[in-house]
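**Student:** Sequence:
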Amino acid sequence: MWQPNKLEKERLEKANRLEAAGVLLYPGRCQRTHTVAEAIEAFHSDEAPGSTYVSVVGRIRRLNSKGKVSFAHIEDESGRVQLFLRLNALGEESYELVRRKLIDVDDFVQASGTMMRTRAGEISVDTAKLTLLSKTLSPLPVVKEQRHEDGSVSEYGEFKDTETRYRQRYADLAVNKSVREVFIKRARTIKALRDFLDNEGMLEVETPILQPLYGGAAARPFVTHHNQLHQDLYLRISFELYLKRLLVGGYDAVYEIGRDFRNEGVSYKHNTEFTMLEFYKAYIDYEGVMDITERMFAYTAEQVNGSSRIRYQGVELNLAPPWKRLSIREAVQAYLDFDYMDFPSSEALYEYLRAHGLADGLDRDDTWGRMIVEHLLGNHIEERLIQPTIVKDYPRDVSPFAKRIRGDADAGDEKERLYLASHTERFEFFIHGMEMGNAFTELNDPRDQQARFVEMKRLYDEDSDETTPLDEDYLRAMRFGMPPNGGFGSGVDRMVMLLTDQDSIRDVLLYPHLREPAPSENDLRGQFMLDAAVRQVEYQLDLPLAEKKRRIALYLPQANAGIEFRMANALEGSLAQLQNLRVAFAGELFVMTDENFYHVEDELIEMRIADFWRSIT
RNA sequence: GGGCGCGUGGCGCAAUGGCAGCGCAGUUGACUUUUAAUCAAUUGGUUGCAGGUUCGAGUCCUGCCGCGCUCACCA
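According to our numbering, the first sequence is numbered sequentially starting from 1.
Just so you know, these hints were derived from the structure itself, not from any lab. It is possible that some hints are incorrect.
As the list claims (entries may be wrong) - Listed below are the simulated DSSO-like cross-link pairs for lysine-lysine, each with C-alpha atoms no more than 30 Å apart in a straight line:
no., residue 1, residue 2
1, Lys185, Lys160
2, Lys101, Lys9
3, Lys177, Lys6
4, Lys160, Lys6
5, Lys66, Lys144
6, Lys129, Lys144
7, Lys185, Lys144
8, Lys177, Lys66
9, Lys177, Lys9
10, Lys144, Lys9
11, Lys144, Lys6
12, Lys191, Lys269
13, Lys324, Lys415
14, Lys101, Lys160
15, Lys324, Lys185
16, Lys6, Lys66
17, Lys177, Lys129
18, Lys324, Lys191
19, Lys269, Lys185
20, Lys129, Lys101
21, Lys9, Lys129
22, Lys68, Lys129
23, Lys144, Lys177
24, Lys68, Lys101
25, Lys9, Lys160
Said to hold, decoys possible - Pair ranges (Cβ atoms, derived):
no., residue 1, residue 2, range
26, Phe338, Ala37, 56 to 62 Å
27, Glu155, Asp503, 18 to 24 Å
28, Glu122, Glu287, 56 to 62 Å
29, Val454, Trp2, 54 to 60 Å
30, Trp2, Glu155, 26 to 32 Å
31, Asp337, Arg311, 29 to 35 Å
32, Glu155, Tyr283, 49 to 55 Å
33, Pro321, Ser51, 51 to 57 Å
All C-beta atoms in this analysis are idealised placements derived from N, C-alpha and C, irrespective of residue type, glycine included.
Sequences are here, hints too, so could you generate the full structure?
**Tutor:** Structural data, given as structure tokens:
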């Protein structure tokens, strides 16, 4: 329930006064002959005063009255323009609304008049008629700008509290123009990707987000349930298996841009839901995918920023092809100065890494491939790959959908034969130390694929919800014949980060995922305290009563004996009852038991539970 | 989940354990070419929540809530 603060009460009062004066606060229509930018442009082409009549609309961003003349800036999406407001031109009645500030900064207005240049030289609308389009009841944070002679703009009193900005993104956008620009570039990025892939002759498709079986990546999924079908469904963690089925169906190349969901931690480069781009193209291998990748990134950067050279976090990055390409084996040789093929088992590799101080944070039971990819590449090399770099030829056990690398299995020595047998045609690419995507020559041998599923199951059994489950239908599709093909997947959000120079994924998502906000001051008091106590004991109903009391006392040190005793009584009840335990309204503590709940501070107050719930809902 | 940091009027920020302050915004008034307008006066805070220590807590301690950074997790 909205409790207007002082500023809001003042605006409500103004709204009442405007309505009393016959002003419509939220009229249904308006008239707009020019956007702000168009109005300025129209004046530029013919600077004759009084000849360019415009009707512009927008939000007031600055308003200052100088007695019988006032100045305002209004802003629409195209830009800002100044309104020149004179008593003479507007008339007593209309001008009074401005002078008495019944029209506020943040209100939406329509201004009609002729274009002019003020004495100070600023192009303005000499306003003959000012109409309110929408009255603002809550003021936005105030940000003042100063334009310097060199054209730069400095801001005073920014709106920068990250939590409020994310939770109230509308206010963030309304106030911070640079934030609006990020999401314009985001839209342009996605459009450029579509254009590029369409021009490559790929077909855009849409595949299920709710999947009966998840797969295509190693990540924990979200689970949901279809009531009528009595079926559990997973939110997809990748599109891979559904897209590749379509190659069986006869399309040469398909792509999808959409949302994936992974039930993992969040970070500056991870969000629980994120936008993925995947494509699969028949009759090319991963070398062909590398070529497309390089061209796609360069094209998109040019479309969005006008150049394939970009600046990110102060570093110039050149996205133009060709990128540096090296195998992960070469990368380890180059950056860590040893050949991991000299240690072809996880035990031998671990011992070498431990002896050379490279084993920090490494699990000795991890698989050989994970040690190389997750640990050596992820923890020691990745951060040093600043300019676009393709790292290719990954160990087989971390690449369940990639085809084995080519080569003459009979040539070379034992080490080389082992290398060929244990590596796949897969690559990842990195820009500014961040993994940007993943691709392979796709496995299309159904017998091999089945073996990989089984192998994965064995390797990841204890971590079962991250296993790629065996997908029989996918194997069936492959048995009908899948053309050789190359596939690609990339996080679009990270690409937007690069192109907009943002260092957190949350800044390129309109509504990043946050925890439930803290209860407002209007919410029931005391909730934190009791929630804490309940959380500590609610899963421990089998504890002896004395132990419960002890723990409650621990978490409610200030509570009197009565609270502890009645809480303990409640805790002996059912789990459901316990979870329904809620307390405190009107600033006083209550504890609920079977049918009644009790006023804790002094005497017992009996009240039916139904009444209790009615009173707080 | 661990570690570190932060939370003070609408926004941005101060305040050795000792009267909660400043700027912007707001309100009232002056001003017919301002643009971070200016000038004069002025309103507004239970310092995230609940406790503790203390003569005295925004500050110290405990728990909780939220956010940020970081580590872990995350092909």
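**Student:** Between Lys185 and Lys144, is the straight-line Cα distance small enough, at 30 Å or below?
**Tutor:** holds (24 Å)
**Student:** For the pair we were handed, Lys9 and Lys160, check the Cα-Cα distance against 30 Å.
**Tutor:** It holds: about 25 Å lies between the C-alpha atoms, which stays within 30 Å.
**Student:** Should the hint that Glu155 and Asp503 are 18 to 24 Å apart at their CB atoms be regarded as holding?
**Tutor:** holds (19 Å)
**Student:** Given the hinted pair Lys324 and Lys415, is their alpha-carbon gap at most 30 Å?
**Tutor:** Distance ~26 Å between Lys324 and Lys415 Cα, so the pair holds.
**Student:** Regarding Trp2 and Glu155, is the given constraint of 26 to 32 Å on their beta-carbon distance met?
**Tutor:** Since the Cβ atoms of Trp2 and Glu155 sit about 29 Å apart, the hinted range of 26 to 32 Å holds.
**Student:** Is 51 to 57 Å right for how far apart the beta carbons of Pro321 and Ser51 are?
**Tutor:** Between Pro321 and Ser51, where Cβ atoms are some 52 Å apart, the hint holds.
**Student:** Verify the proposed pairing of Lys66 with Lys144, using a straight-line Cα cut of 30 Å.
**Tutor:** It holds: about 18 Å lies between the C-alpha atoms, which stays within 30 Å.
**Student:** If you draw a straight line from the CA of Lys324 to the CA of Lys185, is it 30 Å or shorter?
**Tutor:** Within the cut-off at roughly 27 Å; holds.
**Student:** CA of Lys101 to CA of Lys9, is that 30 Å or under?
**Tutor:** Within the cut-off at roughly 15 Å; holds.
**Student:** What's the verdict on Lys160 and Lys6, does the C-alpha distance respect the 30 Å limit or exceed it?
**Tutor:** holds (22 Å)
**Student:** Would you check the hint for Lys129 and Lys144, treating anything up to 30 Å between C-alpha atoms as holding?
**Tutor:** Given that 30 Å is the threshold and the Cα spacing comes to 26 Å, the pair holds.
**Student:** Holds or violated: Lys185 and Lys160, Cα atoms, limit 30 Å.
**Tutor:** holds (21 Å)
Checked against the numbered hints given earlier, the structure satisfies every one of them.
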